[in-house]
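**Q** Spelled out from the first residue to the last, the chains are:
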Amino acid sequence: MNRIEDALRQEIEVDVRAASERALQRADAAGVVDVAYAHFDSPLGLLLIAATHAGLVTLAYVEDDEERILADLAHRLSPRILLLPRRLDGVRRELDEYFSGRRTRFDQPLDWSLARGFTEKVLRATARIPYGRVVSYREVATRAGNERAVRAAGRALGSNRLPIVVPCHRVVRTGGALGGYTGGLAKKEFLLDLEGAPSP
Amino acid sequence: MHPPFQQVLDDHAGDVLRFLTAICGRLEAEDCFQETMVAALRAYPDLTDSSNLRAWLLTIAHRKAIDAARRRARAPVPVAAVPDRAAATDDAVGEVWTLVGRLPPKQKGAVFLRFAGGLPYREIGAVLDCSEPAARRSVHEGLKALREEWKP
Numbered sequence: 001m002n003r004i005e006d007a008l009r010q011e012i013e014v015d016v017r018a019a020s021e022r023a024l025q026r027a028d029a030a031g032v033v034d035v036a037y038a039h040f041d042s043p044l045g046l047l048l049i050a051a052t053h054a055g056l057v058t059l060a061y062v063e064d065d066e067e068r069i070l071a072d073l074a075h076r077l078s079p080r081i082l083l084l085p086r087r088l089d090g091v092r093r094e095l096d097e098y099f100s101g102r103r104t105r106f107d108q109p110l111d112w113s114l115a116r117g118f119t120e121k122v123l124r125a126t127a128r129i130p131y132g133r134v135v136s137y138r139e140v141a142t143r144a145g146n147e148r149a150v151r152a153a154g155r156a157l158g159s160n161r162l163p164i165v166v167p168c169h170r171v172v173r174t175g176g177a178l179g180g181y182t183g184g185l186a187k188k189e190f191l192l193d194l195e196g197a198p199s200p
Numbered sequence: 001m002h003p004p005f006q007q008v009l010d011d012h013a014g015d016v017l018r019f020l021t022a023i024c025g026r027l028e029a030e031d032c033f034q035e036t037m038v039a040a041l042r043a044y045p046d047l048t049d050s051s052n053l054r055a056w057l058l059t060i061a062h063r064k065a066i067d068a069a070r071r072r073a074r075a076p077v078p079v080a081a082v083p084d085r086a087a088a089t090d091d092a093v094g095e096v097w098t099l100v101g102r103l104p105p106k107q108k109g110a111v112f113l114r115f116a117g118g119l120p121y122r123e124i125g126a127v128l129d130c131s132e133p134a135a136r137r138s139v140h141e142g143l144k145a146l147r148e149e150w151k152p
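The listed protein sequences correspond, in order, to chains H and G. First residue of the first sequence: 1, per our numbering; consecutive thereafter. First residue of the second sequence: 1, per our numbering; consecutive thereafter.
One chain only, chain G, in its complex shape (with noise of 0.2 Å):
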C-alpha cells in the first residue's frame, strides 16, 4: 500500500531538485523537477515495489534531465549564444558544483549522489542505470577530475 503522494513530496522533494540542480543547472531543474513529478504522479498507482521511493524518484529525475539534455542538443541556438557545457550548471550553485556541471553526465550524477545525497553505489547504479562497479568508476573517475581542479 503506498502513502499519500504529499508524503512523499515532502520526504523527497529537497533531494530530488538537489540532484536535479547539481546535473543540469538550476535553470533547467526546475524543469525536470515538474516533470519528474508529473511522470512520477502518472506512474505512482502502478508502482509495485514502494520500498525506495526516494531511488525510485532519483531514477524518474534522471531520465527526466538526459531527456533535457537531448532536447537541449537539438534544439537549434544561434552561435553566438552556444554556452559552454558548464554555463548550464554555471548559474551560482556553488563552486564546486559549478566543476561538477563540467563533468560527463553519468559521473556528475555519481558524484552528487555518492557524496551530496550519500547512496550506497548499487542505488546509485539503479538510479543511472548502470552496474555497480560502473557507478564506483563514475565516482572515482570524477572524482580525480575535480580533484585536478579543485582550488580551495
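Isolated chain H (complex conformation) (with noise of 0.2 Å):
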C-alpha cells in the first residue's frame, strides 16, 4: 500500500456539530423547516415536542420511542424536520412554569392538522378543561357534539397528540375512576397532584 494513499484515507479534522448548527439556523431563517423538535426534560420522563409553523403539533413521552416518533411525524406532517430547540423555547418556558405550579393555562399556539373531524372536536373540548378540574368521558362527549359516543371520546382522548398541553388528564370516569392513559396511569395521577384535582 503505498503512503500517500493512507494519508488520503485519514479523516479531515471538521467540527460536524457547530456548522450543522449553523446550517439549521440558515435553513430556518430560509423557511425550508417545516417542523421543528426539541427535548424537555420532565418530572414524567423525556418529553418530545414539535412544532410546525402554524403551533405546537406534537408531545410525546419517548420513552425510548423517539426514531417512531419522528418517522410518524415526517411521513404525516413532512420530511423536513429538525433538531431545532430556540424555536421551542416558548413552550419549554411553559412547561417549566407548569410543573413548577407557576403556570395554569398553556397559551402557546396550536397545530391541530393532526387530529380530524370527531376527534379535533373531543380535543379541543378537552383544551378548554379548567386547570385542577376533572369532568367525565360523557361530559366531555356532550361538549364535542355527541353524548352518546362515549367511548370515541375514550379513542379520541388516547390518541391525542398533546398531552399535558391538550389536558385529557382531566378526563375520568364517571364516579371519579382515573379511566386510561397514554403512557400510563402513574402519570395520570401525578399531573392531576400536581394540578390539586379533588381525587377520587
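Hints in this document: simulated from the structure, not taken from any laboratory. Check before you lean on any hint, since a few could be wrong.
Said to hold, decoys possible - Derived SDA-like pairs: lysine to any residue, alpha-carbon spacing no greater than 25 Å straight-line:
{"id": "1", "chain 1": "G", "residue 1": "Lys144", "chain 2": "H", "residue 2": "Arg9"}
{"id": "2", "chain 1": "G", "residue 1": "Lys151", "chain 2": "H", "residue 2": "Arg9"}
{"id": "3", "chain 1": "G", "residue 1": "Lys151", "chain 2": "H", "residue 2": "Leu110"}
{"id": "4", "chain 1": "G", "residue 1": "Lys144", "chain 2": "H", "residue 2": "Arg3"}
{"id": "5", "chain 1": "G", "residue 1": "Lys144", "chain 2": "H", "residue 2": "Lys121"}
{"id": "6", "chain 1": "H", "residue 1": "Lys187", "chain 2": "H", "residue 2": "Val150"}
{"id": "7", "chain 1": "H", "residue 1": "Lys121", "chain 2": "H", "residue 2": "Leu110"}
{"id": "8", "chain 1": "G", "residue 1": "Lys151", "chain 2": "H", "residue 2": "Glu5"}
{"id": "9", "chain 1": "G", "residue 1": "Lys144", "chain 2": "H", "residue 2": "Glu5"}
{"id": "10", "chain 1": "G", "residue 1": "Lys151", "chain 2": "H", "residue 2": "Ala7"}
What the hints assert, rightly or not - Residues from chain G that keep clear of chain H, each with C-beta distances beyond 10 Å, as calculated:
{"id": "11", "residue": "His2"}
{"id": "12", "residue": "Gln6"}
{"id": "13", "residue": "Arg18"}
{"id": "14", "residue": "Glu30"}
{"id": "15", "residue": "Arg42"}
{"id": "16", "residue": "Trp56"}
{"id": "17", "residue": "Ala69"}
{"id": "18", "residue": "Arg70"}
{"id": "19", "residue": "Ala75"}
{"id": "20", "residue": "Phe112"}
A quick note: this is a predicted structure, and the numbers were derived from the prediction, not measured. From the three backbone atoms N, C-alpha and C, an ideal C-beta is built for every residue, glycine too.
Build the complex: two chains, separate frames, hints provided.
**A** Shown next, in the form of C-alpha cells:
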C-alpha cells in the first residue's frame, strides 16, 4: 500500500456539530424547515415536543421511541423535520412553569392538523377544561356534540398528540375512577396531583 | 417515504463537510455546507429516489463548491491579495489535503471521494457529473500528480 493513499484515508478534522447548527439556523431563516423539534426533561421523563409554523403539533413521552415518533411526524406532516430547540423556547418555558406549579394554562398556539372530525372536537373541548378540574368522558363527548359517543371520546383522548397541553388527564370516569392514560396511569395521577385536582 | 431530515443530517453531515473542506478549504466549506443543506431541504420533499442520500447530498455540495469558485473568480480582488489557488485550501486542513487543494477541481473531488469517502467509481461519476471512466481517470491523474509532490 502506497503511503499517499494511507494519508488520503485519514479523516479530515471538522466540527460537524457547529457547522450543522449554523446550517440549521440558516435553513430555518430560509423557511425550509417545516417541523422543528426539541426535548424537554420533565418529572414524567423525557418529552419530545414538535412544532410547525402553525403551532405546537406534538408532545410525546419519548420512552425509547424517538425514532418512531420522528418517522411518524415525517410521514404525516413533512420530512423536513429538524432538531431546532430555539423554535420551541416558548413551549419549553411554559412547560417549565407548569411543572413547577407557576402556570395554570398554556398560551402557545396549537396546530390541530393531526386530529380530524370528532377526534378534533373532543380534543378541542378537552383543551377548555380548566386547570385542576376533572370532567367525565360522557361530559366531554357531550361538549364535543355527541353525548352518546362516550367510547369514541375515549378513543379520541387516547390518540391525543398533545397530552399535558391538551389536558386529557382531566377526563376521568363517571364516579371518579381515573380511566385510562397513554403512557400509564401513574402519569395521569401525577398531573392531577400537581394541579391539586380533587381526588376520587 | 423519506426519513426525517435530521436523520439524513446526522448520517451524512460529516462526509459532506469533509468533502467541501477538501475541495474548497475550511473558510469556503462552511458557507458551501450551509448552502448545500438549504438547497437539499428545498428539494427534499420532491426527491423521487431516496436510496442514496449520501451521493445526493455530495452532488449538491459539489455544485455549491463550483458556484463558490465561480463567484470567487468573478469577485474583484486587490492584486496584492490574490491568493495562490492552493491558498483557499491551505488553512491547516492537513499537509496531504493542501496538495490535493492544488489539483484541478475535478481531480480533487475525485481523489477525496475515492480515498476519504470510499465511494465506488460509478458514484463518484454521479457526484461529479461525469462518466465512470472519467471519474476513474480523474482519480488516477490526481494521484499521479500527488505522488510527484508528496514527501512523507
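**Q** Which hints, by number, does the structure contradict?
**A** 3, 5, 11, 12, 13, 14, 15, 20
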